[in-house]
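Protein chains: 4
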Amino acid sequence: MAKKKLNIAMIGYAFMGRAHSNGWRQAKHFMGPDVEPVLKVICGRTEDKVKAAAESLGWEEHATRWQDVIARDDIDIVDVSTPGDSHAEISIAAARAGKHVLCEKPLANSVAECHAMIDAVKKAGVVHMICHNYRRAPAVSLAKRLIDEGKLGRIFHYRGTYLQDWLVNPAVPRFWRLVKSEAGSGALGDILSHTLDLSHYLIGDVKEVCATMETFIKERTIPGTTQTGPVDVDDATMAMVRFGNGALGFLEGTRYANGRKNYNRFEINGSKGSIAFNLERMNELEVYEDNGPDSGWKNIMVTDPKHPYADKWWPAGHIIGYEHTFTHTFFDFLNAIAGGKAVIPNFEDGLKNQIVLEAIEKSANERSWVSIK
Amino acid sequence: MAKKKLNIAMIGYAFMGRAHSNGWRQAKHFMGPDVEPVLKVICGRTEDKVKAAAESLGWEEHATRWQDVIARDDIDIVDVSTPGDSHAEISIAAARAGKHVLCEKPLANSVAECHAMIDAVKKAGVVHMICHNYRRAPAVSLAKRLIDEGKLGRIFHYRGTYLQDWLVNPAVPRFWRLVKSEAGSGALGDILSHTLDLSHYLIGDVKEVCATMETFIKERTIPGTTQTGPVDVDDATMAMVRFGNGALGFLEGTRYANGRKNYNRFEINGSKGSIAFNLERMNELEVYEDNGPDSGWKNIMVTDPKHPYADKWWPAGHIIGYEHTFTHTFFDFLNAIAGGKAVIPNFEDGLKNQIVLEAIEKSANERSWVSIK
Amino acid sequence: MAKKKLNIAMIGYAFMGRAHSNGWRQAKHFMGPDVEPVLKVICGRTEDKVKAAAESLGWEEHATRWQDVIARDDIDIVDVSTPGDSHAEISIAAARAGKHVLCEKPLANSVAECHAMIDAVKKAGVVHMICHNYRRAPAVSLAKRLIDEGKLGRIFHYRGTYLQDWLVNPAVPRFWRLVKSEAGSGALGDILSHTLDLSHYLIGDVKEVCATMETFIKERTIPGTTQTGPVDVDDATMAMVRFGNGALGFLEGTRYANGRKNYNRFEINGSKGSIAFNLERMNELEVYEDNGPDSGWKNIMVTDPKHPYADKWWPAGHIIGYEHTFTHTFFDFLNAIAGGKAVIPNFEDGLKNQIVLEAIEKSANERSWVSIK
Amino acid sequence: MAKKKLNIAMIGYAFMGRAHSNGWRQAKHFMGPDVEPVLKVICGRTEDKVKAAAESLGWEEHATRWQDVIARDDIDIVDVSTPGDSHAEISIAAARAGKHVLCEKPLANSVAECHAMIDAVKKAGVVHMICHNYRRAPAVSLAKRLIDEGKLGRIFHYRGTYLQDWLVNPAVPRFWRLVKSEAGSGALGDILSHTLDLSHYLIGDVKEVCATMETFIKERTIPGTTQTGPVDVDDATMAMVRFGNGALGFLEGTRYANGRKNYNRFEINGSKGSIAFNLERMNELEVYEDNGPDSGWKNIMVTDPKHPYADKWWPAGHIIGYEHTFTHTFFDFLNAIAGGKAVIPNFEDGLKNQIVLEAIEKSANERSWVSIK
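Residue numbers (this note's numbering), protein chains in the order written: chain A, 915 to 1287; chain B, 915 to 1287; chain C, 915 to 1287; chain D, 915 to 1287.
Calculated directly from the structure, the hints in this document are not laboratory data.
One or more of the hints may lead you astray.
Treat identical chains as interchangeable: a pair holds within one or across any two.
Stated by the list, open to error - Below, computed lysine-lysine pairings styled on DSBU-like, alpha-carbon distance capped at 35 Å:
| # | residue 1 | residue 2 |
| --- | --- | --- |
| 1 | K1132 | K1287 |
| 2 | K917 | K1287 |
| 3 | K1065 | K1132 |
| 4 | K1220 | K965 |
| 5 | K917 | K965 |
| 6 | K1220 | K1132 |
| 7 | K1276 | K965 |
| 8 | K1226 | K1094 |
| 9 | K963 | K1186 |
| 10 | K919 | K1220 |
| 11 | K965 | K1036 |
| 12 | K1287 | K1094 |
| 13 | K1094 | K1186 |
| 14 | K919 | K1058 |
| 15 | K1255 | K1287 |
| 16 | K919 | K1175 |
| 17 | K918 | K1121 |
| 18 | K1186 | K1065 |
| 19 | K1220 | K963 |
| 20 | K1226 | K1065 |
| 21 | K965 | K1065 |
| 22 | K1220 | K1037 |
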């Protein structure tokens, strides 16, 4: 019997549009979700660009007004891949129109918007998800499984650092990501937010934070001019964290760690063992089980058919890449719709992330600890 | 102006069919070759299975007789993904029908067949390629670039080992890969052949070989029975090699290296430096440049936009996987067709590989060195 | 011409006494300092134990009252290896008696004591040194050389973590290291102090700190009893740091990082490159130099005769161990005496360390940033 | 009660003399053998040099004629650290004089000499040992323990490579190690012999070999002249090996592996697991235990007090170095004397090594397999 087909409308077509288009397509071809996704319409403001994107990214149609797209009866899913400042408006409209909503991170640019979004999806009864895709690197999913099984025992430490280096170069101009009014924040919202989401997933709720932020290069050339303007977002943010379960945490995001390209790394230490992960080697999970003198850090290649998602791809030892984390996310989202079930991380997880990010910024400004309510 | 579309027929739909379908599709969406590939028809003997494959792998049509497919005027490219014993017949027919031919490895099961295939493609003037996809892991392409630029100087050593472990388990039955009449050979043709191809690519022609082969578990259960039958292919093969340029080589393939899942590794030592690669960490290349006391092995993350193929994917530090090596191969094949140019590795490289594999087998049988003519 | 001999008196004979005895002996046999050290007398309170120590550790004589030893005319150097609470008294007496003083870390248990010690050694004009031996792992010395040469450019980040795991086991009793009145502090003074000293050495002065401390297991069995008592020292301490030169730092010491045995690790990121070190692999230094796409983390084996101290030992590639860091320290101390020169780290460095440790403790207690004057 | 003292005479005082002197001294101070070694007399032909060596290396006396030394009644142990061509004569004389003999590798330069040495020590009933010190790196001893306990099951593969790079530089002159009449062989006897000894220790007897040898730079400057002369030893040797227990082996020694300083590495694959070791990281043992999907290569830091020899040194995580392998060897030798027991590797192991080395050379010359009787 043929599977039910669900039509997708994706709003946005830039970097994330490319990753998302691939995710929907590969979920269909490799993973066989319980409903079949159809790449129906891609929507963006500039007609010629969105038309070209439809062609290259494999969408049946293109459109320029998202309001029109959401109004269509034949659309089942709305994928919100626009910049963060429009997430709330589009997601709320989509939910009201009865569409299931998958929204890129951040959920929104303020806690207030997040609350409104949650109200909308709950009232509409649609499935909602935020795209914190790194949860679904198989090695991260395996880490979660091991922790849930009690393999680490009581958790003492979470050390999460997301290091990149592309701002070390002073010639990088002051483009939108370096302007607070457009980007909201710098390393904080862009990368530390991933580290924070992983800590919520793997450790639990954050109780309080104490943070500091720094902008190392304070002036950069304004694009299209020969003048410089101030960089008013954080180049680097560090935060000490205390979790509700008593664990100590450290979170860091920086774009000034020379030689670290996409070093989204965490280490967790517990009473029975430890775990470490690095996105640059995302097919591997390092695990320490405390079993006496011959214990050691074990490098698990997370490609066995029994590992999360791995049976959908290749034989053991054949690695997958960055883009697959989106595919796994969309696969689970589609199955949640098919089964009429909830899925995480959803809009409530997005809200939780936003609350702690705001607390970190407040802590850095006030130079004090800030509690999370 | 729209790109010219080329229709592909793929013969075969098993494991390699899955990897190839993805390669054609992703080459189109991510890499933008000079001609646009169309996944036209997939062909296999069992109708219901090939029909299902067409659906899940994304082919427009399916067929059960390859002769019919090759006879079609609207087919431009034939992708031969069947088992090795039919490669010659299909490829020759395809060439005679004027189709460009991409053939899975091995090129054929004998040197004689390889010669006939080369004759056919040359006479027809079509573009031909053998799918030794590991040449196009970006790190391997970078290794080639560095060697060609002279960064390693005179080459002294090539150490190539392809280690797997799936036959350690004695419960694995005697399926077709363990029967010489069906598989041709064991570790030799399946994995050592990749190591050999990489040595041809990176070092040059082999002059002589001296080898030994072993079957560790000599009887396994015949599938569907309770009886055992003999395993008559090699579980492991080792070969000492002398290259035409004076370098010493060592090649090894085994399926009995517990803990090595897909450990296709090589190390090259030259007068100015060294290089090492491991397919399990295929986004990395280890390079040693001899510059005095502070020299060291450098781990290059081969994901920079300036690295081979990497500009087609994600920003630096965002890794790719096994399947991408096929995509890169097909991208270059399509561009060769568009440009009316040759591409490597082609059928002559496949022949060269086959000649050395046969010499290795002869050497093991005769317990002596064998020269390559 | 025979070298001048200098007689050493070592006060203390426990763990550090063993490491120090070896350091003096090996400095003589392997490194050939400008004066020759003589292991003259070892001093401890319990006669039979110190007598046995003299025999096994290779000292000519033993004594039970340090005051007597310091009073001897034939003693040139006093090595203070007792617990921290007696460092000040012994060092001051030794200086007043005109002896050169090498003192184990911590310099003392309070800032006030440190000042008194500095006064004494300055007034006496003797050579003084604190044994922060990790500065003289060859890889750390090389890191310092590279930074001084400007290879890292402007420093953005210092990330120093000293992780151990021996307190994860709840059966470890509440011995003296877990009692504040005896040990002063827990992970803070024992291990984070090393990380801090390395940051002073490699980065520069600390301007302000913000810290938190935690005791995970709050009660342990009192040795020799069946009762438990409170653990009143820190099991783990984390501190965010701002350096005078604008760099951000993070310091951590914990004994609850399962699987980390002696993981004294730092990473430094600068505008031109980065450096990383791990004491568990102390013969290696990881260096990243930003030179375009083919840049990568380079693993330098710091065993070349041109590397710091390495010419005194074995050929390149033959590694050395933990104890050699003491040997190098004493070698430099002896040469400083021979040359009538100062050496670092000296008592002023010990004071600086103590000041910041106290600030960290204050910050943790007050939950606020603390400035270093 | 005081331990019995045994007086040692060491013949030879060059590189190995330095390592041996340290080994005897540190065995006494750190390991507490059942008898106490006394560094009595060091012997060498050139009076001023051996006198200086006695001083710097810590020997009570020096001498210039080994015959005189061996004749002394007060000598209990003779340590033969001269070049290989005098090992037989000195060892036989020492045994006849009733001395226990510890001999550096190689045991001798010919199989015939080895037999005569074994006769002599057996007739004399003295304890004899050959200094294959790498067996006593704690990680190697642990590997042996794991294999003996059956943790690897049936052994399939031994892959042993000893890689160095100091001859890549063509400016290295033709000193004695590059002249066959003086050195016996090149990489074969110098380094591959270690790899071979480890295979004897860990896997068992070799049944047959097939080898090839190469000299990459065939002429080098004769020291003290401006002329070049031929290099007549092997720069690199490779051998395929079959062991008596059915395992396949590969042995390689080369001084042309750029970037490998002292890369004495082996990997062993068995039916239940695998082991890998690298002398450059000699405190670590990599172990794979086949336990299902979550298996992985585990890095054991072999510094726990329960690990071989480790309780004599420092707490877990504090590493040791190259020289300690000699100390462990001498410790076991002294205890064997004290207990009136045999110890391995002894002269019979030295003979076995020599037999296979000669077979490898014969195989390379004759280009054929050679059986070991």
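Intra- versus inter-subunit Cα pairing at 35 Å for K1094 with K1186: between (43 Å within a copy, 27 Å between copies)
With identical chains treated as interchangeable, where does the CA-CA distance between K919 and K1058 reach 35 Å or less: within a copy, between copies, both, or neither? within (31 Å within a copy, 46 Å between copies)
Using 35 Å as the alpha-carbon threshold, which applies to K1220 and K965: within, between, both, or neither? between (41 Å within a copy, 28 Å between copies)
Tell me, please, which holds for K918 and K1121 at an alpha-carbon limit of 35 Å: within, between, both or neither? Answer is neither; intra-copy 43 Å and inter-copy 59 Å both fail.
Given a CA cutoff of 35 Å, do K1132 and K1287 count as a within-copy pair, a between-copy pair, both, or neither? both (33 Å within a copy, 27 Å between copies)
Within a copy, between copies, both or neither: which one fits K965 and K1036 at a CA-CA cutoff of 35 Å? Within. Shortest intra-copy distance 34 Å satisfies the 35 Å Cα cut-off; inter-copy 41 Å does not.
Homo-oligomer pair classification [K1132, K1065; C-alpha up to 35 Å]: between (46 Å within a copy, 23 Å between copies)
Using 35 Å as the alpha-carbon threshold, which applies to K1220 and K1037: within, between, both, or neither? neither (38 Å within a copy, 49 Å between copies)
If the cutoff is 35 Å on CA atoms, where do K917 and K1287 land: within, between, both or neither? Let me know, please. neither (44 Å within a copy, 57 Å between copies)
Within, between, both or neither, where K919 and K1220 count as close if Cα-Cα is 35 Å or less: So K919 and K1220 pass the 35 Å test inside one copy only (28 Å; across, 40 Å).
Could you figure out if K1276 and K965 sit no more than 35 Å apart (CA to CA) within one copy, between two copies, both or neither? neither (42 Å within a copy, 59 Å between copies)
Intra- versus inter-copy proximity for K1287 and K1255 (alpha-carbon distance at most 35 Å): within (28 Å within a copy, 59 Å between copies)
When each numbered hint is compared with the structure, violations occur for hints 2, 7, 9, 16, 17, 21 and 22.
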